[in-house]
Amino acid sequence: MNFRLALKGAALAVATGLAGIASAQDEPLKVGFIYCCPIGDLGWSYQHDVGRQAIEEEYGDRVETIFQESVSEGADAERVMTQMALSGADIIFATSFGFMDATNNVAARFPDVQFEHATGYKREHPNVTTYNSRFYEGRAVVGHIAGKMTETNKIGYIASYPIPEVIMGINSFFLHAQKVNPDVELTVVWVYSWFDPAKEADAARAMIEQGVDVITQHTDSTAPQAAAEEAIAAGTRVFTFGQASDMLPYAPAPRIASIIDNWNPYYIKRVGQLLDGTYESMESWGGMPEGEVVIGEITDEVPADIKAEAEAMIAAITAGEYHPFTGPIMKQDGSVFLAEGEVATDEQLLTMNFYIEGIDGDIPN
Amino acid sequence: MDAINPVILIASLIVASTPILLAALGELVCEKAGVLNLGVEGMMIFGAICGFAIAVETESPLLGFLCAALAGAALSMIFGVLTQFLLSNQVATGLALTLFGLGFSALVGQGYVGLKAPATPAVPFGPLADLPVVGPILFSHDAMVYASIALVAAVWYVLAHTRAGLILRAVGESHDAAHALGYKVVRIRLLAIAFGGALAGLGGAYLSLVRVPQWTEGMTAGAGWIALAIVVFASWRPWRIVLGAYLFGGISVLQLNLQAAGIKIPVELLSMSPYVITIVVLVLMSRDRTRTALNAPAALGRSFHASS
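Residue numbers (the working numbering), protein chains in the order written: chain A, 1 to 365; chain B, 366 to 673.
Excised from the complex, chain B in its bound form (with noise of 0.2 Å):
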């Protein structure tokens, strides 16, 4: 058996790690303003139809990425509503979200199983594409995995150096305190839960855009939680997000190619290692509890009103 190509094994695990880059960062903005948002699922599966459906219609990727931003950030509000002005209890709220999307994704997607996406083309570099190794690693890919970067540099740079991101954090450290200095707590979640829909809902419409790419019900099979999962992972910090991401992606990626080039390893071992590198990644960076319990948004899932 030939042995894997490593470069085109960098490339596809690029391309499998963006559904879950793109929902973790919005989770993690989202989980910045202290809302805990478990509806990531939905929210994915939500803009995996819609972006389907409306780039099937109007035969165009881009409206279709564009429509399934609004499609998950529009989900994202009902969650929005209930957690932030009739006070309902985020973890339920968010759960509810996940089964609610499922469903209603699958009921608006009756008319599109079996349909073909029109093809998202990768960015035309030119000469740079054809570089040994560096080309297909980085200038062979779609809009939407540059995005997805140029997306972690701005949520970075937003939180870490704007005033944007400032009175962002510290809405999800302290809102009472927020709130004392006159800041709208409940609009600047509204907010973050919007952007961390409108994320999600990108994630989904590039499984169904690009990775798969077709539509049938249920298609983000888990991806949402292993979102969730990679903002823990990451200890809410926009670049550890990308590693996580690639992380998760690559690994489940490079097993798959182990398999199919048949080296001799034991496909339980294989199949299990992204959720065991996970883990021992987890417990390796929680060895410093102090800091990663720092890290966490202090006021991470609570409600607020102003009236308390």
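For reference, chain A alone in the conformation it holds in the complex (with noise of 0.2 Å):
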């Protein structure tokens, strides 16, 4: 074979290839998805699953989704998605922040497969993109109605894990119910769980049994709202906030309003720029401004004066005019957080790891 020839056949390759990549574009774009938890938790996973649907129903035949559903995190997510990657999958979507390492590792190997991380901080390649939602500003409105409806002035948070997400989460709740309430107790049970609904049921039983009226939490199931229901059952009043997602079927007590996460405009968007070209990898921190965090239908349970004043703070955030964590603010020790009229920056936000004052007790290490 002449050296000719050879120029010829490496251009007939190239030429073919180039046709195999366009060919390629006139499949659907593959969008896979990897959740840590069951669909049917009707909390986190099932949000993020909503916003796959919304994908296939906003790009119709332009898109294919797959998803996987209780992944654990470590090595079960990377085979996951390394799974998903070598089928051919274009964008992958990691919906939890144990997926975070995992997504890095895979993300090296597959330079030209996007990965999204939900409530990351690493992006070690330039394919990896992480996306969050600002969850405290739905946690400010609920503590405040919290904060007007307890009677007992004891409210209780079931937590998670002590990262600085979940500690944001109990400060910016905390600090509206202070505001209306001034002598308000908080109550933090630690359950070590995203999703263990007996435990979550045993942590809202031991707080009513203390006398808590309102619940909230930042775990996934709807066990706590059956236990508090059981709990009105027996003759007592206490309150629940939906949390990720409506958990209606609770309403109008003990659910009395929920903060849901809204991924559909960003999972839309993401897909779009893909479709369009104009994909980039960034760091997206979307809340109420832009849909993603939305305060679910407040129940008649609560007077309508506090009903008004929680939508009007709903507005107010939406608009950009008020920033939960606005000083004066605190730190539990005393020391100044935030001074008079100064706005915490995203930086402040996403290294907390400290309660604000009038918090009693200590953040597990």
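Hints were generated in silico from the structure; no laboratory data involved. Just to be clear, a hint being listed does not mean it is correct.
Claimed, not checked - Among chain A residues calculated to face chain B with C-beta under 7 Å, some are: (1) V189; (2) A201; (3) A206; (4) A226; (5) P249; (6) P252; (7) E283; (8) W285.
Beta carbons are placed, not taken as given, at the ideal position from N, Cα and C, and that holds for glycine.
Using the supplied hints, reconstruct the complex from the two chains, each of which is provided in its own coordinate frame.
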């Protein structure tokens, strides 16, 4: 074979290669999702799956989505993502904090696949994006309602793991409860799990036993609502909020409002960018203005004036006029976190590792 | 903050412990017959959804529990056929049964997410339930709590004092000897597996009908594995199952209550305490090596075929 022929052959190979890429673009964009919990949790993973379905609805035949639920963090997550990448996924959404390292490890091996990690902070490769939602905006609204609704002045928080995300939520919730009710006391119970219905129910029961009459949670199941419903049946006055998804089956009481993670706008935007070629890796942190944090229906158990105040707060946050972490805010030890009028930076929020003034107890290490 | 009310604490630890108590008791009988079934978690969750679904459809918790036991037994028969007739590896088959049970229950349960189960009423003890201290602890529970204790007593009696129990233990100690004496090893083991499955199913239904009470996928969250550990913890003795289950359930409820009461003990310490105490007790018990070793059924986990 002479040199010229070889060159010709190479050109032909490049041409067919290009043709291959062109024809690949006619195929639907393959979008993968991995979930930490069952879709049927009616909480976190359920809501991501709603986002997946929104993509299919928006783009129809132009996309194909695949998903895997109940993936354990660690080696399993890596296997599932590798499998997805090998089976031709163009973009993979890893939807749990615990998938962070696995996402970056797999991203290193598949530079042509885009990886998006929810609630993480590690972007070790150019094809990794992190995205999160400003849940603390929702917790501020819920905290306001809790502070007004409590009669025992004891409100409770079922917490999962002591990470900044969760601590930020606790602080935002308590800060706004305290603003409208200076006597309010906060009880935090750590369950060290994102999803353990039996434990969550027991935690709720333990709090109710201690006189807590408004409970919110940073765990994924509806078990605390079920436990509260049981207490109501036994004659106790107690309220809860839906977490991650609406949890409406428990309305009008105990569930009196909810924080809904609405990922639809974000997922539709990112997949759209990939389809029209404007996609870039980034760091995203949307909230109420972007429609990613939504407060579910506030039921009639909440008096009209409190409901109106909550709605005013939602409007102010959505319009960008109010930031839930606006000074003066003191740390638990009495030192200044934010001076009068000062607004917390994203950096300060994302590294939050202390309780604000008025919360009793210590954060586990 | 108010201190914890010990009476209510004890009453709630009994409720928290009943699912693992039932599942562990079933596994004990199964292991006494020489079969190691690691599929407890899968049978539990299958019992949880079947019991829940039936209770919702018929509005009868009793029927729910009954069907949960049947469902657990039915699922265990997959394991039974594979290990007893096809001589598959018990460990691998048990693990597969757990995975199958988790997936299958999710499939069955799709229409039941977010529904409410009919309440399981407490047994009406009349004035006894109003007694101070003793009333809430002993006389305020639903029928399943008493049934679980009665089952422990029955299992203990059968294993220790009846011919049937003797045969079951013989099969678990030396299937070859039992076979030589003319006992139907495979048949006896299948019965033991079915009993284990039925009790695991009951335990699962107790979770979905009383303790949580609702259906969510993956709701057993490892309770089946704890039940397996408790069998070893109890060194294959029925009454120690009660001790183990109440100890484990008690500490996990206590630590949540301590947190809610604002008692200043590091949370990490509290959260790991059930596991730490389990390990400590295991270590203490296995100091006397020969005794513990003697107590494990000798043929545990070994396949039996009449020709070998």
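Here is what the structure says about each hint:
1. V189: holds, 4 Å
2. A201: Given a least distance of 5 Å, the restraint on A:A201 holds.
3. A206: holds, 4 Å
4. A226: Hint holds; A:A226 Cβ to chain B Cβ min 5 Å, cut 7 Å.
5. P249: Check passed: Cβ of A:P249 comes within 4 Å of chain B, closer than 7 Å.
6. P252: The hint is violated - A:P252 has no Cβ within 7 Å of chain B, the shortest such distance being about 15 Å.
7. E283: violated, 31 Å
8. W285: violated, 28 Å
Of the numbered hints listed earlier, those contradicted by the structure are 6, 7 and 8.
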